[in-house]
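Engineer: Going line by line, the protein sequences match chains P and D. So for the first sequence, the working numbering puts the first residue at 981; every next one is plus one. So for the second sequence, the working numbering puts the first residue at -18; every next one is plus one.
These are computed hints drawn from the structure, not numbers from a lab. Given the structure is predicted, the values throughout are model-derived calculations rather than measurements. Accuracy of the hints is not assured; some may be wrong.
Here are the simulated DSSO-like pairs of lysine-lysine, each with C-alpha atoms no more than 30 Å apart in a straight line [unchecked claim]: (1) K1034/P to K3/D; (2) K1052/P to K344/D; (3) K216/D to K1049/P; (4) K1053/P to K223/D; (5) K1058/P to K258/D; (6) K59/D to K1049/P; (7) K1049/P to K342/D; (8) K216/D to K123/D; (9) K1043/P to K3/D; (10) K59/D to K1053/P; (11) K1043/P to K7/D; (12) K342/D to K1058/P; (13) K37/D to K1012/P; (14) K1043/P to K274/D; (15) K1034/P to K342/D; (16) K(-13)/D to K1034/P; (17) K1043/P to K50/D; (18) K344/D to K1012/P; (19) K1034/P to K138/D; (20) K342/D to K1052/P; (21) K1043/P to K342/D; (22) K1034/P to K7/D; (23) K3/D to K1012/P; (24) K216/D to K1043/P; (25) K344/D to K1049/P; (26) K342/D to K1053/P; (27) K216/D to K1034/P; (28) K(-13)/D to K1043/P; (29) K224/D to K171/D; (30) K7/D to K1049/P; (31) K59/D to K1043/P; (32) K224/D to K1053/P; (33) K50/D to K1034/P; (34) K1034/P to K344/D; (35) K40/D to K1034/P; (36) K1012/P to K50/D.
Now for the letters of each chain:
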Amino acid sequence: MLILRLLNSSDMYGYQMIEELETRSENVFTLKAGTLYPLLHTLEQQRMIEAYEKLSESERPRKYYHITKEGKKQFQEKKQEWEAYTSIVNKVLGGWDYAMEK
Amino acid sequence: MPWKNKYVKEFLETVCREVRTKSVHKDITEELEAHIEDQKNSYIKEGLDEETATTKAIKQMGDPVLIGKQMDMTHRPKTEWSILIMTAVLVIIAGVVQYLMTKTALGNNDNFIRFLIYVPIGIIAFIIMYFIDYTRLERWSKYVYFSVLIITIASVKFTSPVNGGYNQVYYFYLIITPILAGVICNFRSKGYLGIIYCGLFYIGAYVPCILMPSYSALYILTISSLIIMTVAIEKGFFGGNKKISLVLVYFPTLLMIIIQFLSFGQYRIQRFVHFLKPGLDPSGYGYMPLRIKSLLSGAQPVGRTILARDLAGKSIEWSLPGWNTDFTFTYIIAKFGYIFGIVIGAILIILIIRMFISVIKQKNAFGFIISFSACIAITAEILFYILSNLGLISPITVTLPFISFGASSFILNMGLMGLLLSVYRRTDIISNKLKINVHKKQIFTFINGKFIIDFKRKA
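Isolated chain P (complex conformation) (with noise of 0.2 Å):
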């Protein structure tokens, strides 16, 4: 689900993500190489993702990833459904603190 929200911004290669992951997370989020691209490479499989081949600055051939409409669509689930479990444990947690306040 992070790196198909990863993708949803723009395309990336695989370090870039890692990079960015713990940039984001302000590295609470570490995320091992060796994790990662097997993952890629499944994601890609269930079509969630596509991958091409670009030029970066350094002229050396990239491996970027980029979402599909599958991908977005499967990533607006998962979001759902995390929203809707977070907000049901903030209920939790805020209904506790209420309750402890009194």
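Given the coordinates of chain P, assemble chain D onto it according to the supplied hints.
Structural biologist: Just chain D now, kept in the frame of chain P:
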């Protein structure tokens, strides 16, 4: 590469050792290598020396054996069992039909034996196509195209026509369709000029059809090519405006049809009229449609059709010329009952649907267009054969894949099927990166009568 370190190499080799499918090794290696390089450079920027940075970068990757194992799981060859089984069932049905036909018929004695000989050859053709790496066809398609063209034209010179035509033209159609698809891939992202080149290649394939002549082959070739080109354009194969591209394909085709019609119009109209009203010329153009009609109208659920009027008391074989070749499907219905016809028809329709599903799953552009063309070739044969056999279109000479008698068509269809399944097999095990060089792309545009070459266009 100068920065290629021995530890990096060792790491990558360990990963690849776990991946059984060799064809993806290069892709995985390149990707992981680029990653290690990026990671290393970032450590160097942080102030580490090259060697420490490299070791740290490799460590950051994780366990190579585990990565390899996970990669191996995602990149396995796939088998399309349903298509494979349906093909086998059709071949067995063909065997039964040919056996029964050989038993009942006069002058047809060795057909079943010949069937038994050509089936193994067909299976070999299937296996070869199935295990061959079809991606090689992309590079070779132009050469293969010209060789096939030359061989076909040469074969016309050295053989004599049968019934005013040459059979090889039909086989030519079966071979040339996937090759044309390969040629189309060669002109990928070449813009409108690419489409024009594809048109020229199509016209090249048009020549043998006219030479022989075989209008059935010509029609199927034209329809198949149009479908393939339309899909290729819709998929954004050539780049450029899709509408203009489509006009570029359909306008010349339409023009050609009109010219054809003007030169053969009389004959075409006549055939069409006779098709609609077969009674007009019962011994000429209307002969086959009338026969099919009377054979099918008396068809029973199981068993022999009931023949009435002038055909009463005559045998089905006598009533249906071409019963063992062009009209086998009609024959099966008339001889064994329409339930058999429906069963065979249903298998063929499911087969067509399964084939299209397997094609749609293709991510690789070349694989997609190649398997799509094989699928179109087989589908066109089936549809034209069934329609012609049911008397829904005027009779044309096509074969029913796997079922109707004939060594060449059986072997070629098995080859096409092998190709289709070979593409499916390799869905997850070939490199499927699109190569995009943003700055090198040239696209020709045609605006207000000016030919503009646009260098800045993005893919």
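Engineer: A separate judgement is required for each hint: does it hold in the structure or not?
Structural biologist: Consistency of the hints with the structure:
{"no.": "1", "hint": "K1034/P to K3/D", "result": "holds (24 Å)"}
{"no.": "2", "hint": "K1052/P to K344/D", "result": "holds (17 Å)"}
{"no.": "3", "hint": "K216/D to K1049/P", "result": "holds (15 Å)"}
{"no.": "4", "hint": "K1053/P to K223/D", "result": "holds (26 Å)"}
{"no.": "5", "hint": "K1058/P to K258/D", "result": "violated (62 Å)"}
{"no.": "6", "hint": "K59/D to K1049/P", "result": "holds (24 Å)"}
{"no.": "7", "hint": "K1049/P to K342/D", "result": "holds (15 Å)"}
{"no.": "8", "hint": "K216/D to K123/D", "result": "holds (22 Å)"}
{"no.": "9", "hint": "K1043/P to K3/D", "result": "holds (19 Å)"}
{"no.": "10", "hint": "K59/D to K1053/P", "result": "holds (26 Å)"}
{"no.": "11", "hint": "K1043/P to K7/D", "result": "holds (13 Å)"}
{"no.": "12", "hint": "K342/D to K1058/P", "result": "holds (23 Å)"}
{"no.": "13", "hint": "K37/D to K1012/P", "result": "holds (12 Å)"}
{"no.": "14", "hint": "K1043/P to K274/D", "result": "violated (61 Å)"}
{"no.": "15", "hint": "K1034/P to K342/D", "result": "holds (24 Å)"}
{"no.": "16", "hint": "K(-13)/D to K1034/P", "result": "holds (27 Å)"}
{"no.": "17", "hint": "K1043/P to K50/D", "result": "holds (21 Å)"}
{"no.": "18", "hint": "K344/D to K1012/P", "result": "holds (27 Å)"}
{"no.": "19", "hint": "K1034/P to K138/D", "result": "violated (50 Å)"}
{"no.": "20", "hint": "K342/D to K1052/P", "result": "holds (18 Å)"}
{"no.": "21", "hint": "K1043/P to K342/D", "result": "holds (21 Å)"}
{"no.": "22", "hint": "K1034/P to K7/D", "result": "holds (17 Å)"}
{"no.": "23", "hint": "K3/D to K1012/P", "result": "holds (25 Å)"}
{"no.": "24", "hint": "K216/D to K1043/P", "result": "holds (21 Å)"}
{"no.": "25", "hint": "K344/D to K1049/P", "result": "holds (14 Å)"}
{"no.": "26", "hint": "K342/D to K1053/P", "result": "holds (18 Å)"}
{"no.": "27", "hint": "K216/D to K1034/P", "result": "holds (20 Å)"}
{"no.": "28", "hint": "K(-13)/D to K1043/P", "result": "holds (23 Å)"}
{"no.": "29", "hint": "K224/D to K171/D", "result": "holds (16 Å)"}
{"no.": "30", "hint": "K7/D to K1049/P", "result": "holds (28 Å)"}
{"no.": "31", "hint": "K59/D to K1043/P", "result": "holds (24 Å)"}
{"no.": "32", "hint": "K224/D to K1053/P", "result": "holds (28 Å)"}
{"no.": "33", "hint": "K50/D to K1034/P", "result": "holds (27 Å)"}
{"no.": "34", "hint": "K1034/P to K344/D", "result": "holds (18 Å)"}
{"no.": "35", "hint": "K40/D to K1034/P", "result": "holds (27 Å)"}
{"no.": "36", "hint": "K1012/P to K50/D", "result": "holds (16 Å)"}
The structure does not agree with the numbered hints 5, 14, 19 stated previously, though it agrees with the rest.
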